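**Student:** The chain contents come next:
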Amino acid sequence: MNGFDEAWSYLPSYLGAHVLLSMSALLLGIAISLPLAVLASRVRSLGGALLGFAGVVQTIPSLALLALFYPLLLALSHFTSETFGFGFRALGFLPALLALTLYSMLPVLRNTVTALAGMDPAVKMAARGVGMTPWQSLILVELPLAAPVIMAGVRTAAVWVIGTATLATPVGQTSLGNYIFTGLQIENWVFVTFGVVAAAALALVVDRLLALAESGMVLRARGRVFAAAAGLVLVVGASLYPMFGSTGHRVVIGTKNFDEQYILGKVIADRLSTAGVSSTQRDDLGSNVIFRALAAGDVDVYVDYSGTIWTNAMRRSDSPGRKAVLSNIAQWTAKTYGIRDLGPLGFENAYALAMRRDRAAALHIHDLADLANHASELRIGGDFEIFSRPEWRALVRAYGLRFPVQRQYEPNLMYSALVSGDVDVITAFSSDGRIARYGLTLLADPKGALPPYDAILLVSPAHARDEGFLAALKPLIGAIDLKTMQQANLMVDRTDDKQTPQEAAHWLEGRIAR
Amino acid sequence: MIELYSISKAYDRSAALAVRDLSLRVADGEFLVLIGESGSGKTTTLNMLNRLIEPSAGRIAVDGEDVLALDAVSLRRRMGYVFQGGGLFPHMTVKENIAVTPKLLGWPRETAAARADELLDLVRLAPQDYRDRLPRELSGGQQQRVALARALAAKPKIMLMDEPFGALDPLIRDDLAEDYRQIHNTLGLTTIFVTHDMTEAMLLGDRIAVMKDGALVQIGTPNELLARPADDFVRALIETPRRRARRLAQILAVAP
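Chains Y and L, in that order, give the protein sequences.
As numbered in the numbering used here, residues 24 to 537 make up the first sequence, in order.
As numbered in the numbering used here, residues 39 to 294 make up the second sequence, in order.
For the record, the hints were derived by calculation from the structure and aren't laboratory data.
It cannot be assumed that every hint is accurate.
[Said to hold, decoys possible] Residues of chain Y placed beyond 12 Å of chain L at every Cβ, according to the derived structure: (1) L34; (2) L62; (3) S68; (4) G78; (5) Q81; (6) V146; (7) A150; (8) V153; (9) M155; (10) Q159; (11) A223; (12) L242; (13) Y264; (14) S302; (15) A336; (16) Q522.
[Said to hold, decoys possible] BS3-like, lysine-lysine: derived pairs with alpha carbons at most 30 Å apart: (17) L:K195 / Y:K147; (18) L:K141 / Y:K147; (19) L:K250 / Y:K147; (20) L:K195 / L:K141; (21) Y:K346 / Y:K358; (22) Y:K506 / Y:K470; (23) L:K193 / Y:K147.
All values reported here derive from a predicted model rather than from experimental measurement.
Where is the CB? At the ideal position from N, CA and C, for every residue including glycine.
All chains, please: the whole structure from these sequences, using the hints.
**Tutor:** What follows is the structure in structure tokens.
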């Protein structure tokens, strides 16, 4: 199966989720904006406040708006489950829906308020004169006359929402953005292009259909409006149709935003599927988000790394040794959240500073202590998380590292930046296949400032005692060594004979079975 | 019968009164013309009759009933109103425009449609040619005929008209004015008609009420105004059509 075929095979589920999300947000946005705009046209002071608020929302970067709703909903869900005994899923559909709804409101609000305010006073006077109540004037005269302008606002909102919905992937909502985010991570440009084209095509089709409806309203041609409505129903229906086949509860597998995580996610999915458990995958989640999502039951299983839990979730800064860290984590997660730690997979994926071999040799840098002497003249690149993680603070404290230039990259582009000389040092991952591929030098940590990073399999409280579920995953424990994982990662990373995560997962499963 | 007792209207507290202490009485079947310069309060007075504008002080009675105690919306449905420039709803067809008040009153669809055709005949527009057109597909004169039909649709006894033919070409205007006076007579309507054109006022009105700065200056038949103008303003106003008539007579006498 080549990249295009694989991308094509995901289309029904990605497109369906994308259409469901964006159309729900659009409808909800219209349902809120229209009455608000009508109210604003009657109460003048409200109009300014509303448009001001919607304008401010519009200036928030869309990704940030989406990201903000997760902690907000999580706190709310905590509150409702404590107070009323029920919580809800704070990850995925809900935060994405709310953020996109807010985002869709400005054009509809603005156009409706403008159209109603700019209505010819003679027409409104005539409506009163023939004996209409204010409500009848609104429904029979003002809204029909404003309809083309309102429709133009709906069109703008639709295009925005469909485009922005691609950013719902990092908050755990499947969308056409999964192609883009995953594709960017594994440098699969077929995936990225596929996602971009699919989202653009969807936006274009919806925009054309709404334009048809708009022109129908301007020309008072009912046929056009009906044709547009029928077209929209057809597009939405066809997109959602595949989703009705998959009923019942599905296990959610979480992944962070790099290759190894995608591959392991597929391996877990395959094992569960063999045991008769169907699953869906939530990709590209941040380290803190994914752990909290597991605790809250929004994610059922994922692979984390002991050092990440140790420093970020448990807020420990000591290093009592590999075994002690692992057993402490297992006890702590079980006691604090009811999370089941199934144990280590058998390899470590540590944070480690890496340099190009020639550069390290020229400067005689072998470990972090050497690096500290040269740090003032070097530039460092990191992923999105590292510089705000406790591990980085520990490194800075232990070695007195101070870099004049500090840049953040997508994990993939970070390696390219190092190889091309844009930065001199990066915060690499020790299991990454690219360390061998580019011949990078990993700098030793003589003071032991960084904790161990054993890959461990974590299961949500809901499945912590689900023996069938656990039995399906237990064969993975201790089954993957560092070399095997690096090789699997390299299959996805490399440019020649590039494989998809699914293909690498198949290969890895073959090695485990042996 | 329509009676106004000491009606006043102030748009805001500080400004001068738009209408000041105005009293008048309109008999059933009468055609009363309100005339004055712009800003004289004639349109404000007209609009207070069906409470498009609420009076600040005074009392209005229609057939002895206190208008201010009635529901304003149902009051408006009982009166016909023709707006300056027509005021047709641009998104509705001719038929829908005419049937709008009957529909608001809950008439059955067929009755309202039949009424629309009947009125198109009355205002001399062939129903089969015009009923499904939109207002923008009509000339100014045709739009005004439809506006007239719409005002008559719910069979009102009282018609309020605000410079209805003001924006039309003179020929069409005379034509329409004559047609309307006929309709007024045939249907036995009571009409209050606002204009600033004295010739039109004298040709149409049974009586003429002259307004200036929000107050009623004089009210009477055209002949009474001619014979005994109350002041110089009325005299000047009445002089215009007479002077034009004399000039016209001279020109026509000289012509071969």
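**Student:** Against this structure, judge whether each hint is valid.
**Tutor:** Evaluation of the provided hints:
no.: 1; hint: L34; result: holds (42 Å)
no.: 2; hint: L62; result: holds (21 Å)
no.: 3; hint: S68; result: holds (19 Å)
no.: 4; hint: G78; result: holds (30 Å)
no.: 5; hint: Q81; result: holds (31 Å)
no.: 6; hint: V146; result: violated (7 Å)
no.: 7; hint: A150; result: violated (8 Å)
no.: 8; hint: V153; result: violated (5 Å)
no.: 9; hint: M155; result: violated (6 Å)
no.: 10; hint: Q159; result: violated (7 Å)
no.: 11; hint: A223; result: holds (35 Å)
no.: 12; hint: L242; result: violated (10 Å)
no.: 13; hint: Y264; result: holds (37 Å)
no.: 14; hint: S302; result: holds (53 Å)
no.: 15; hint: A336; result: holds (61 Å)
no.: 16; hint: Q522; result: holds (60 Å)
no.: 17; hint: L:K195 / Y:K147; result: holds (24 Å)
no.: 18; hint: L:K141 / Y:K147; result: holds (18 Å)
no.: 19; hint: L:K250 / Y:K147; result: holds (28 Å)
no.: 20; hint: L:K195 / L:K141; result: holds (18 Å)
no.: 21; hint: Y:K346 / Y:K358; result: holds (19 Å)
no.: 22; hint: Y:K506 / Y:K470; result: holds (26 Å)
no.: 23; hint: L:K193 / Y:K147; result: holds (23 Å)
The structure is inconsistent with the numbered hints 6, 7, 8, 9, 10, 12, although it conforms to all the rest.
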